[in-house]
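The letter at position 133 of the sequence shown is residue 133 when you use full-length UniProt numbering, and the numbering goes up by one with no holes.
Since the hints were made in silico from the structure, they are not lab data.
Misleading hints may appear alongside valid ones.
The calculated lysine-lysine pairs, modelled on DSS-like cross-linking and capped at a C-alpha distance of 27 Å, are [what the hints assert, rightly or not]:
id : residue 1 : residue 2
1  : Lys437    : Lys138
2  : Lys398    : Lys469
3  : Lys483    : Lys437
Label pairs and their calculated CB-CB ranges [what the hints assert, rightly or not]:
id : residue 1 : residue 2 : range
4  : Lys469    : Ile271    : 29 to 39 Å
5  : Gln32     : Asp364    : 44 to 54 Å
6  : Gly427    : Ala40     : 50 to 60 Å
7  : Ser146    : Ala37     : 36 to 46 Å
Backbone N, C-alpha and C define an ideal beta-carbon position, used for all residues, glycine too.
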Amino acid sequence: MVRDQEFLLAPNMADWLAGDHLVWFVLDVVEQLDTSALHACRRTGGVGRAGYDPDMLLALMIYAYATGQRSSRRIERLCADHVAYRVLCAQDPPDHTTIARFRAAHDEVFTDVFAQVLRLCSHAGMVRVGSIAIDGTKIAANASPSANRSQQWVREQARRIAEDVVGEAAAVDAAEDAAEEAAGGPAAGPPAELGTRSGRAAAIKEAMQEIARQDARHGEADAADRDRQERYLQRIEAGETQLGAAPAGVDQVRLWQARISREQQRLAPLIDVRGTARASQRSEIRRNIKKARAGLLRAQQEQAAGMADRRGSAARTRARDQARRGPKAGPVVNLTDPQARLMVEGSGGGSVQGYNSQIVCSDDHLVIGVYVSQDANDLHCWTPALAAATTQTNALGKTIGLVLADNGYFTEANLTSAGPDRLISPGSGRRVHHDAKHTPAHGPPPPESSPTEAMRHTLRNPDQMQRYKRRSATVEPVIGQLKDRIGLRRFARRGVTAVTAELHLAAAALNITRLHHATG
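Construct the entire structure; sequences and hints are all you get.
Below you can see the structure in the form of C-alpha cells.
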C-alpha cells in the first residue's frame, strides 16, 4: 500500500461521486426550493469574508440529518475528511459555530422546507392519503434528568437571587470550588448551566416561567376533568349505560344515586310479571340495587368525614407521581431544558427526559405532519397532530380518507372531533384482533350506542379490522427510520419551539431519502 502516491482524485469534483449519489439529489432538491427567507438574512457586505451560501448550509443540514449526523462538531470534521461532505460544501467547510447558529436561527424556514419537500413528493406521484396513521414516540431532550429540581427548590433559589445575597453566593461558590479541587475534579452534580452565578440566575428565571406555565396548564386540565365528570354523571342520570370505569374524581354520591334510580326504573316493569326468566332478572336487579345502596352509604360517610376525593384525573396523576418520588417531592422542572418532561418510555417502564413527538404518516411511508407535546400520553395530541397533517394535505389538494390510531388516542372527544373517518383501537392490538375473530359484529352500530361503544362494534367487524391492521405497518416503520436512519433519539436543541423545528428538519430529510429511492 503506497500512501505517498501522487494525487489520483479526478480533477473535477463532479467525478468524485456517482451520478445517483444522495448528495447530488439533495443539491438538486434545495435548488428547487424557495429559500428567499434564508437569503434575506445573509450578510453580503461589511468587513471580513462573505457569509456562507445559505443554500449550501441548508443542503448540508439536510444531508447530515439524512445520514444520521446531527452534531455540529461532527459535521465540521466530516466536511474536511469525507468525500461526500467535501463535495457538498465545495471544499469550503464551515466551522461548527456557523452550523449550530444556522440551525438555531431558522425555525420557521425548516417548517417551510418540510412543506416544500412534501410538495415535491406529491408532484412525483407520492403522498397517498386514502389511509394515514398517527402515533407518538418519546424523543430525549438535550437535558439530563439529574438537572430536575422541585418547584419548592426553584422558588427558594429565586428568592435567594432576588435578595441578591452576593457575599453568601461567593462563599458558596468558593466552597464548591474547593470541594471540587480536593476531589480531583468537578463532581457529578449540578449541570454546567449552574456553574456560575449568572448561569444560575438565567436558569432559575426560565424555570420560574415554566412553573407558571405548568400551573396554568394544570388549571385548564382540572377544568376539563370537571367538565368530563359532569357529562358522565348527566348520561348516567339520563339512564344511559356507560361501559368502563367512571372518570377519576367523579362525585360518588351522585353516581350511586343515579345507578340506584336506573336499576329501580328497570325493576318497575317486572314487578307483576311471571316467569322464571323474569324472576331471575328481578333477582339480579335487586342485587344490583343492594350493592348500589351499600356504595351510596359508603360514599356519604366518606363525604361527611371529608375523605371524598373529588379531584380530577390530572390532579390525581400529579399526586400519584409525587407519591412515587417521595413525600417531600413535588412537581419538577428541568434547569437545562425547563420545557422537557420526565416521561415513561414504552411498555418496559423506562423513563426519558424528553418530548412526546407525534408522527403522522401517509400510506406510502411519508411524514405528512408532526407535533411536539409535553404530555406523557397521547390523549390530547390527536387534534393538533391531525390538524398539522390536514394543513399539509389541503395545501397539496388532497383529502384524507381514513385515520388509524392505537388505543392511546381512544377517548370520546377524539372519536367525535371534526375531521375525516377514523379507526381508533379501544384496547391492545391483540385484544382487538381476538374480539374481531371470535365475536365478530356486522352492520352499523346500534343507534343508541355511545361513541366508544360504536367504535368497539366497528372494530369487531372483520372488514374494518383488516383496514385497521395497516396502522402498525404504516407509522411504526417510519418512526423506526426516524430514530435509526436519521438518528433522532435525542434532540440537539432545547425548548418546544426549537425541537419542533428540528423535528420538521429531520422529517424533511427522511422524506427526501424516500423521494430519492422512489425516483432513483
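How the hints compare with the structure:
{"no.": "1", "hint": "Lys437 - Lys138", "result": "32 Å, violated"}
{"no.": "2", "hint": "Lys398 - Lys469", "result": "23 Å, holds"}
{"no.": "3", "hint": "Lys483 - Lys437", "result": "34 Å, violated"}
{"no.": "4", "hint": "Lys469 - Ile271: 29 to 39 Å", "result": "49 Å, violated"}
{"no.": "5", "hint": "Gln32 - Asp364: 44 to 54 Å", "result": "21 Å, violated"}
{"no.": "6", "hint": "Gly427 - Ala40: 50 to 60 Å", "result": "52 Å, holds"}
{"no.": "7", "hint": "Ser146 - Ala37: 36 to 46 Å", "result": "38 Å, holds"}
Hints 1, 3, 4 and 5 from the list above are not met by this structure, while the remaining hints are.
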